[in-house]
Amino acid sequence: MANEKYNLKQEIETLREDCLRPTQKWGRSAQIWIGCLLIVMGWGLYCYIHQLRHGLGVTAMRDYVSWGLYISTFVFFIGISHSGTLVSAILRITKQEWRRPITRSAELLTFVSLLFGGIMPIIDMGRPDRLANVVIFGRLQSPLMWDVIAICTYFAGSSLFLFLPMIPDMALCRDRLTVCDSPFKKFKKWLYTKMSLGWKGTKSQWHRLEKSMTIMTIVIIPVAVSVHTVVSYIFAMTLRPGWNSTVFGPYFVAGALYSGSAGVILGMAVFRKLYHLEKYITPRHFDLIGRIALALTLIYAYLNLNEYWIPAYKMATAEGHLLSDLFYGSYSKAFWICQFGTVLLPIIIMSFPKGRSVTMLPITCIIIVAGAWVKRYLIVVPTLLHPFMPIQEVPGKWSSYFPNYVEFSVTAACLAGIFFVITLFSKLFPMMAVWEVEEGIQIEHDKQTAIELRTKREAVEVKIIGEQVKTDIEPIKQPTY
Amino acid sequence: MNSIIKGISLAIAITGLFCGIATAQDQSQAPGKSEAAIELSYYKKADMSKTAVAVIKAKNNDGKFVPAKNALVNFYVIHDSEQQLLKSANTDNKGQAVIVLQKDLPLDEGLSFTIVAKIENDNLYEDVEEQMHYKDANLILNLNPHDTARLVTAQVTKIGKDGKEIPVEGAEVKFYVQRLFGIMPAVEDNTISTDEKGEASFAFPKNIPGDTTGVITVVARMEDNEQFGNVENKATESWGTALAVDKDPFPRALWEPNAPLPLIITISTLFGGVWFIYFFIFYQLRKISKEKQLSTVKERNHQ
Numbered sequence: 000m001a002n003e004k005y006n007l008k009q010e011i012e013t014l015r016e017d018c019l020r021p022t023q024k025w026g027r028s029a030q031i032w033i034g035c036l037l038i039v040m041g042w043g044l045y046c047y048i049h050q051l052r053h054g055l056g057v058t059a060m061r062d063y064v065s066w067g068l069y070i071s072t073f074v075f076f077i078g079i080s081h082s083g084t085l086v087s088a089i090l091r092i093t094k095q096e097w098r099r100p101i102t103r104s105a106e107l108l109t110f111v112s113l114l115f116g117g118i119m120p121i122i123d124m125g126r127p128d129r130l131a132n133v134v135i136f137g138r139l140q141s142p143l144m145w146d147v148i149a150i151c152t153y154f155a156g157s158s159l160f161l162f163l164p165m166i167p168d169m170a171l172c173r174d175r176l177t178v179c180d181s182p183f184k185k186f187k188k189w190l191y192t193k194m195s196l197g198w199k200g201t202k203s204q205w206h207r208l209e210k211s212m213t214i215m216t217i218v219i220i221p222v223a224v225s226v227h228t229v230v231s232y233i234f235a236m237t238l239r240p241g242w243n244s245t246v247f248g249p250y251f252v253a254g255a256l257y258s259g260s261a262g263v264i265l266g267m268a269v270f271r272k273l274y275h276l277e278k279y280i281t282p283r284h285f286d287l288i289g290r291i292a293l294a295l296t297l298i299y300a301y302l303n304l305n306e307y308w309i310p311a312y313k314m315a316t317a318e319g320h321l322l323s324d325l326f327y328g329s330y331s332k333a334f335w336i337c338q339f340g341t342v343l344l345p346i347i348i349m350s351f352p353k354g355r356s357v358t359m360l361p362i363t364c365i366i367i368v369a370g371a372w373v374k375r376y377l378i379v380v381p382t383l384l385h386p387f388m389p390i391q392e393v394p395g396k397w398s399s400y401f402p403n404y405v406e407f408s409v410t411a412a413c414l415a416g417i418f419f420v421i422t423l424f425s426k427l428f429p430m431m432a433v434w435e436v437e438e439g440i441q442i443e444h445d446k447q448t449a450i451e452l453r454t455k456r457e458a459v460e461v462k463i464i465g466e467q468v469k470t471d472i473e474p475i476k477q478p479t480y
Numbered sequence: 000m001n002s003i004i005k006g007i008s009l010a011i012a013i014t015g016l017f018c019g020i021a022t023a024q025d026q027s028q029a030p031g032k033s034e035a036a037i038e039l040s041y042y043k044k045a046d047m048s049k050t051a052v053a054v055i056k057a058k059n060n061d062g063k064f065v066p067a068k069n070a071l072v073n074f075y076v077i078h079d080s081e082q083q084l085l086k087s088a089n090t091d092n093k094g095q096a097v098i099v100l101q102k103d104l105p106l107d108e109g110l111s112f113t114i115v116a117k118i119e120n121d122n123l124y125e126d127v128e129e130q131m132h133y134k135d136a137n138l139i140l141n142l143n144p145h146d147t148a149r150l151v152t153a154q155v156t157k158i159g160k161d162g163k164e165i166p167v168e169g170a171e172v173k174f175y176v177q178r179l180f181g182i183m184p185a186v187e188d189n190t191i192s193t194d195e196k197g198e199a200s201f202a203f204p205k206n207i208p209g210d211t212t213g214v215i216t217v218v219a220r221m222e223d224n225e226q227f228g229n230v231e232n233k234a235t236e237s238w239g240t241a242l243a244v245d246k247d248p249f250p251r252a253l254w255e256p257n258a259p260l261p262l263i264i265t266i267s268t269l270f271g272g273v274w275f276i277y278f279f280i281f282y283q284l285r286k287i288s289k290e291k292q293l294s295t296v297k298e299r300n301h302q
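Protein chains in written order, with numbering that gives the first Met the number 0: chain A, 0 to 480; chain B, 0 to 302.
Excised from the complex, chain A in its bound form (with noise of 0.2 Å):
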């Protein structure tokens, strides 16, 4: 029993070394991969600086076509936001055991592509200054007000269930970090001691941080639901074809869940192998949530079937221009990629085992992800530029679109900011929440004892019992004639 603690023990500091080890060296990989982000994200500044100072008239966007690549980034980012409350909300309301070392990189990748996602409608803005034009002559009618309200709302629910597992950990970061010989530990040091809010791990702390986890599970899921509905109200309820469909609300939410658990997976491969995890990250984690991206994907091609079916049965006169051009026009080859290529292929792959291997899983999430960017664009552009007024006297370039370099440089940046955050968050904070990750040893030592224990109880109880029997058969008795 005392070997068994030492192991529990040995186990637990293994698994504190190897989650703050990435927090304690800064790699020349690291280095390099950080001043291409910022080169990136400089050339996007520069674009958008551009882009303020002459105008909406430097990208491709015209009087139609006025939602280009900026409002396709923005929605598909607000998709893969759902990540952290599938992996980590659901999961942990359903008390799945195997949820534990992906918990905070979901949640991260909630927060970043929700503060990302967020500046793409102000960067479609031609004049954000008016920003605030929003809120003093908001109308509540509206539903891009609607939009506004839920998305901070969203942001600020995403932040706490981010930071809520993260006290532990960074009093533990905190305790760990002793020598500060340099500024920037000096800073990592207060930092961490701000982050903790003094956490002792006390037992009334622990019960105020379970409470307010468990509540904050409960309340992020349909705010997160709710965010995701009202973005697609936004084109629901304008009168356009394509968009004037009542089942857009469910339909992207399946769609942000669909792209959001595969940017899970993503994210679980990519820190597996840059910081070593695999211990932790097993394929068996792989498996199972590559199950759940199945039954996602599934619902997502059934709405999407209901998207397209319904009026392509119809055909009616707008809606059919509309399906016309990508059934067989200029979109059609984009169309029938993403719903063969990204959303059919993959429920093939993933329906066999070894689809939903450490290797073979991640391949397929980058198609899901591609395709659901590329999904999002060809809901938002095909659409304006098939109003129901017929588009005359204008240019002839304003009845076509592809973003230029301007969009395309911005929202590059943007991507780029979002790997910058997590690359910051990966080296400041550990990536695994440490204490529910030791949690789930503890349990699953505890589990085992319990089996071991009970096993030895049950050989004893048969042995005694066995004995027992011996001596308490009475020898059979001749019979006397």
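Be careful, since some hints might not be right.
[Claimed, not checked] Computed, partial: chain B to chain A, Cβ under 8 Å:
1) Leu260
2) Leu262
3) Val273
4) Gln283
By construction, these hints were calculated from the structure, which means they are not laboratory data. By construction, the Cβ of each residue, glycine as well, lies at the ideal position given by its N, Cα and C atoms.
Got chain A; can you put chain B on it based on the hints?
Only chain B this time, still in chain A's reference frame:
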């Protein structure tokens, strides 16, 4: 042959000379000054005030006349064949310079007054002047409240040599109704000429909306009259239909500025509830943070 060459040379020399003179003349003008033009108008309003309005336009680089901003315009009145400076005014963004004229302007023998507007020695615009001659006229507007026919009568008179008012025959008077942002013709054909009594009249329509009590303002105008310029008068009477003002002009609806109450309550309850929970979590965090202090105090006491 020589004579031909000499002739051609002479012609070239003369042409060159003329071109040179022309260029020199062009250069003699002040460089950068724009050619300007003045449109001068006279207005006599309902309150008997008289104004002179000069609209200045100057040529831009494209050769088009556009309103000249900030040009100094001097207004003169001719008295005994001499120009007396009345006032000066600068043009606004629309190129207009406006002055209020004195009531007793000096008149000539024909009982006309002459106003001259000039741009003189301006840095931006070339010198230019324009003048106008008008006689003083009165436009009297009568609306009889007891008249069941609702006859609107405007009488145009001018001042005779003996100071008496003389009716003006054949003057065109236009009738309008005052609206909030401008004037509206009172009837379809709203231009009526005065008769020998100097009167122009028409029956006021019965279906024109007035204010909440039915009061309307009728406007009579002589516009760009050759003799009298622009003369206007106004009168009010309860001849309009009373305007029914909507007691609730901004009802609560999705398409109105005010949101429906059920929507406000629903959104406030849903998101207010969520934010209330967030604040509760913050409270819990504060409690966690406070525990540090408590335990520190306990630790100290223990020590």
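(request) Determine which of the earlier numbered hints do not hold for this structure and return their numbers in increasing order. (result) 1
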